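Please work from the sequences and hints to get the whole structure.
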Amino acid sequence: MIPARFEYHRPADVASAIALLSEHGDEARVLAGGHSLIPMMKLRMAAVSHLVDLQDIADLSGIRIEGGRVTIGAMTTQHDLIVHDGLAQAAPILREAALQIADPQVRYMGTVGGNVANGDPGNDMPGLMQCLDATLHLVGPDGSREVAARDYYEAAYMTARADDEILTAISFDVNTGGYAYEKQKRKIGDYATAACGALVTMEGGTCTAASIAMTNLADTPIWSEEAGAALVGTACDTAAIDAAVAAATAAIDPTEDNRGPVAFKMHVAGIIIRRAILRAVSRA
Amino acid sequence: MTDQTPISREDRVEKLKGVGSQRKRVEDARFTQGKGNYVDDIKMPGMLFGDFVRSPYAHARVVSINTEAALKVPGVLAVLTAADLAPLGLHWMPTLAGDKQMVLADGKVLYQGQEVAFVVATDRYAAADGIEAVEVEYSELPVVVDPFKALLPDAPVLREDLEGKMVGAHGPRKHHNHIFTWEQGDKDATEAVLAGADVVAEEMVYYHRTHPCPLEPCGCVASMDKVNGKLTLYGTFQAPHAIRTVVSLISGIEEHNIRVISPDIGGGFGNKVGAYPGYVCSVVASIVTGKPVKWVEDRMDNLMTTAFARDYWMKGKIAATKEGKITGLWCHVTADHGGFDACADPTKFPAGFFNICTGSYDIPVAYLAVDGVYTNKAPGGVAYRCSFRVTEAAYFIERMVEILAIELGMDAAELRRINFIKADQFPYHSALGWEYDSGDYHTAWDKALAAVDYEGLRKEQAERVEAFKRGETRKLLGIGLTHFTEIVGAGPVKNCDILGLGMFDSCEIRIHPTGSAIARLGTISQGQGHATTFAQILASEIGLPADSITVEEGDTDTAPYGLGTYGSRSTPVAGAATAMAGRKIRAKAQMIAAYLLEVHDNDLEWDVDRFVVKGAPERFKTMKEIAFASYNQAIPGLEPGLEAVSYYDPPNMTYPFGAYICVMEIDVDTGVHEIRQFYALDDCGTRINPMIIEGQVHGGLTEALAIAMGQEIAYDEMGNCKTGTLMDFFVPTAWETPHYTTDHTTTPSPHHPIGAKGVGESPNVGGVPAFSNAVHDAFRAFGLRQSHMPHDHWRIWKIANGLGLHG
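Protein chains in written order, with the UniProt record's numbering: chain A, 1 to 284; chain B, 1 to 807.
Be aware that one or more of the hints could be misleading.
[To be verified] Cross-link-like lysine-lysine pairs, in silico, PhoX-like; alpha carbons within 20 Å at most:
no.: 1; chain 1: B; residue 1: Lys315; chain 2: B; residue 2: Lys187
no.: 2; chain 1: B; residue 1: Lys469; chain 2: B; residue 2: Lys459
no.: 3; chain 1: A; residue 1: Lys185; chain 2: B; residue 2: Lys475
no.: 4; chain 1: A; residue 1: Lys187; chain 2: B; residue 2: Lys722
no.: 5; chain 1: B; residue 1: Lys348; chain 2: B; residue 2: Lys100
no.: 6; chain 1: B; residue 1: Lys722; chain 2: A; residue 2: Lys42
no.: 7; chain 1: A; residue 1: Lys185; chain 2: B; residue 2: Lys798
no.: 8; chain 1: B; residue 1: Lys447; chain 2: B; residue 2: Lys459
no.: 9; chain 1: B; residue 1: Lys100; chain 2: B; residue 2: Lys174
no.: 10; chain 1: A; residue 1: Lys185; chain 2: B; residue 2: Lys722
no.: 11; chain 1: B; residue 1: Lys459; chain 2: B; residue 2: Lys475
no.: 12; chain 1: B; residue 1: Lys798; chain 2: B; residue 2: Lys469
no.: 13; chain 1: B; residue 1: Lys291; chain 2: B; residue 2: Lys43
no.: 14; chain 1: B; residue 1: Lys226; chain 2: B; residue 2: Lys291
Don't read these hints as lab results, they were simulated from the structure.
These figures come from a predicted structure and were not determined experimentally.
As C-alpha cells, this is what we get:
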C-alpha cells in the first residue's frame, strides 16, 4: 500500500493547473478529494508521475443559487452539500444522496467534482447529475466548454473529458419536485448494489416531469428517458410505475461481483427503482 | 505508622476496587489519547524496513527469481530468497500444529500472497519500489480450492515435500493432500443408535472461511546486537514466551540471549498467536545487516496471508425419540487447512476442542471424526475470538438442534429445554470426553425466554407469516435462539501443550514497602484490559487498592514464563495464578501481622484489607502496615520482603455458557436484514469487572454479527482471494451494529480459585449461531432447513428466491 514515486504540484489557479496538465500529458492527473485516486496509487493500479492538487484553487469551491440555476464548484465537498441550507431547498435530492455516500470522514474530503469527473460507475453523483440533467463545465488549454452529464460517460473511467481538461463546475436547474435517492449497499462506505435517483413533478394529480437515473448497474450511470416518459402524463398509478420500472430495468446491465450475481442485482434494482419512484411520487 | 482512620467496612471494600467493581479501564487514558505504543510506533536508530514479494498465483512452480534490478533501486540493501535462508536451515519453519511451512517460496508456491522474497531497504518506500523490481518467473500448476476435490485420487499434489510420508504429526495420512484424521467417541454405539432411532436429522453445516482481522495487523522489529549477542524482538505476539522459545529452537540462539517484547497490541483474536515468515525474515535480516529491521503487514497482507479462521464442512446426524429426547450425535468434519497446517491448537488436539460439539445437551452417545486437508489457500485455522474450534462446534450443534426441531415439528426452545444437562448432573461427563465443571442451563434459558417475551414473539411471528401470505407485508420475522457451552482456559498440562510447552500460566507479585505493588504475568493483553482486571483480582486477595497495583505483561526478560493470551485462557489460568500468588502473599502477611500484634497466626482473621485479632476488632494490622513491616522490621524466622510467584496448572478447563436470542426482520425482496433486538445472557462464573464484561460482550457480538451476516475470505476457482480489502471484507461500523441487551447468571467454576470462567470469547461463540438461526428461523415456515453463512444480502435473497417467495 505504498505508491510509486510522484511529483506533487499545487497550483493556485486553474490556468496553472491546465498548464501543468499540458506539460505532462497523460503522466499527470488532477487530485480533488483523493478518495478514488490515492487508493489506486497506493495499490499501484494507477501510476501517476505528476499529481496536480486542486485544493488551493479557491474559485473551484462553493455553491451558488441564482436565477433558478444551481452551480456547484468542482472542489465542493460532499459535506458542503449536506450542510448547505439553500441547496436543501433548491435540490433536496442532492442532500439525501450525499448522506448515503460513505461516512462523514470521507464526505469531509470527497468532492462533487471528483465524484462526477472520475467516471467510476460506483459513484453516486454521476447518476444524480444525469437525473438532474446537469451541465458539466470543463476548462482546457483551448478554453472552456460545456457537456451534458447525460453525454459525459462513455464507459467505466472513460469520459468526454480530455486528459488536459479540468472539470470546474456543475450546474443544473432548481428542482423542487418530488425526489428520492434509494441505495442498497452492504455497509457504510460500500458502493451500491443498486441505487436509483428519481425526480417527479406532479400538477393537479398528473405527472408533468419525471427523471430516473441509476447507479452501479452498468459500466456507466444510466439515465432512462423511457422510464421518465412512462410516468409523464399519468397519475403515477401502479400501471404507470410498473411501466417505468420495466423501462428502467431494461436499460441496465449489471455485472456479477462480490455483491452478488446478475439475477440478484436485476431483481434488487427493480425493487430499488420502484421504491425510489414511489417515494418521489409521495413527495411530489 | 498505625492507620487509625475510622472507615466503614463497605467503604474499605469500595476503596479496593476489587472483584465485582465497575472499575474504569486504566489502559484507556493512553489509548484514547493516541498515546499507545504499538509495534509500528517503535523506532530505533538505523532501523531498516523489510517487505515481501508475494505470489500472484495460488499454485505455481517458481522457475527463477532475479533480484538484480531490485538491488539497484536506491535504498534497497538486500533481497532474501529461500536460497539465502537454506544454508541457515531457515527456509522452512515449524508450525504450531506439527507441520512445517515455507518461510520463503522453496521451489513452489501454494497460495496467493505466499512470501517469495524479502526486500530489505532503508525505508518503506524503497522497499515497495524494490518489490516491484524483483522479477519472478512462475509456471502455473493446477489449483485446488475445494477440500473435497483435494481428496480425489487424481488431485494435484500440493505438498511435494511430504510425498511418500504417509504418517503425519497426528497419525496416518490417507491421501497426498490429507493431513490427519482425528476421532473421538464411540463410532459403533453411535451408529447403532442412529440405526434404531425414531428420528434422525441429517445435514451438512458449513462454517465458512473468515479472518480475525485485528485493527492492527501483524508486525515486528528485530534487533540483533552483534556485540553482546543478544536479540531483541518486538512484535504483535499473543504468546511472547512461546515465541521466544520457538525463536531459540529455530535459530539456535540461546534463550537467555533472546528478549521478546509484546508492546501494546491492537487486537489479536487469534491472528497473532502463530509464527509468521515476517518474523523469521526480520531476524535474519537484522543478523545479516547488523541493524534493526521492521516488518509490518498492510491490510491486504493480513487478510490474504496471516492466519484465517474456520473453513469447516461439518456433516451431522442427530438422533432423537419422537418426543424430542436426543439419543445420539454423529459428526464428520472436512477441515480445510490451506497450504500448510498452521492451526494453533494444543498438540494432542488437531481439531482443537471441537469435541465440545455435544454442546449444552445431555447426549448419551456421540462420535466425531475430523479430516484435515491441504488446499491452495492461505494457512491458519486459528481460534478467532474463541477457544480452539469451539465456535465451529457451537455453530454445528446449535444448527443441528434447530434442524432436529424442524424434523420433529417442535418448538426449538422447548427441544433445547428437554435436552439440557441438568444442574444436578455437574460435574458432567460428556460423551466426547469432557468434564463440564458447572452450569445451570435451565435457569439461564428460562430467564432469557422471559426477558424477550418468547411466547409473544412466536405469536407475532405466526401473524407475520399469515400477513405475508396474504400479501400485506414483504418482511419476515426471525427468532434466533442459541444456548452455548464453551470450553476455555487451556489447560491442564497433562493433556494441553503447544510444541511441547505446557499450558500453565503465571503471576509474580512484588509488594513495595509503602503498600503498593507490581504484578507481572505470562499473558499479554490485546485490548482485554488485563491491567485493570488482574489488579482487581489481586486487590481482593491482598487488600491493597487496585489503583496501587501495576500490572505488567509482555516482556520476557521481566515477566514469568507463560503461554500467553488466547482461547479465553487469561482469566482461567493466569487469573488463577494471580489469585494463588496473592494468597501466598497473604499467608506471609498473616505471619507478620501475628508477630506485630503478638498473637498466634491462628488468632487472626482476614477482613478486606487487614488482619484482625479474633474477638478484638480494634486490634488489627492493615496490609499497608504489614507491607512496610515486611521490609523494615526484623522478624524472627522470616526473610525480609513480600513477594510471591505462582505457576498455575489448572485442574480442568472452565465451561462458560450463555443464552442468546436475536430477533431479526428480513426484507424478502432485497435480502436486507435489520436486527430488532439482541438479548445476551452470559454466565462466566464470578464476574471480575461487569463493565469490562459488557464491553467484551458487545465486541464479541459485533464480530459475530460480521461473521454471520457478511464477513468471509472467498476465493475464485483460480485461488484468487476475492476479499482482500475492507471494501469486500465486512467489518461492521457503528451504523451496522445493533443495540445489545446484556444480562447474566452467575455459576462459579468450582475449581478456579475465585470461580471465574472467562468471557471474552463467549459472545462470538454464541453470537454466530444466534444471528444465523434468526435468518433460518425467518424462513422455517416456508420450508428452509439449512443455508450456509455468511448471510449477506444476496444469499438471503437466494433463500427467498429458492423457496419461491419472489412469485
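Hints and how they fare:
1. Distance hint between Lys315/B and Lys187/B is fulfilled; the C-alpha atoms sit about 15 Å from each other, no more than 20 Å.
2. Taking the CA atoms of Lys469/B and Lys459/B, the gap is about 16 Å. The hint holds against a cut of 20 Å.
3. Distance check on the hinted pair: Lys185/A and Lys475/B sit about 18 Å apart at the alpha-carbon level, within 20 Å; holds.
4. For a cut-off of 20 Å, the pair hint linking Lys187/A to Lys722/B stands: about 17 Å separates their Cα positions.
5. Distance check on the hinted pair: Lys348/B and Lys100/B sit about 17 Å apart at the alpha-carbon level, within 20 Å; holds.
6. The hinted pair formed by Lys722/B and Lys42/A meets the criterion: a straight-line CA distance of about 18 Å does not exceed 20 Å.
7. Under the criterion of a C-alpha separation no larger than 20 Å, the hint pairing Lys185/A with Lys798/B is consistent with the structure, at around 17 Å.
8. The straight-line distance between the Cα atoms of Lys447/B and Lys459/B is roughly 19 Å, inside the 20 Å bound, and the hint therefore holds.
9. Using a Cα cut-off of 20 Å, the hinted pair Lys100/B and Lys174/B holds, with the two alpha carbons roughly 19 Å apart.
10. Taking the CA atoms of Lys185/A and Lys722/B, the gap is about 18 Å. The hint holds against a cut of 20 Å.
11. The hinted pair formed by Lys459/B and Lys475/B meets the criterion: a straight-line CA distance of about 16 Å does not exceed 20 Å.
12. A hinted pair counts as satisfied when its Cα atoms are at most 20 Å apart, and Lys798/B with Lys469/B qualifies at roughly 19 Å.
13. Restraint check: the Cα-Cα separation between Lys291/B and Lys43/B comes to about 12 Å, which is no more than 20 Å; the hinted pair holds.
14. Restraint check for Lys226/B and Lys291/B: the C-alpha separation of about 9 Å stays at or below 20 Å, so the hint holds.
Hint compliance for this structure: no hint is broken.
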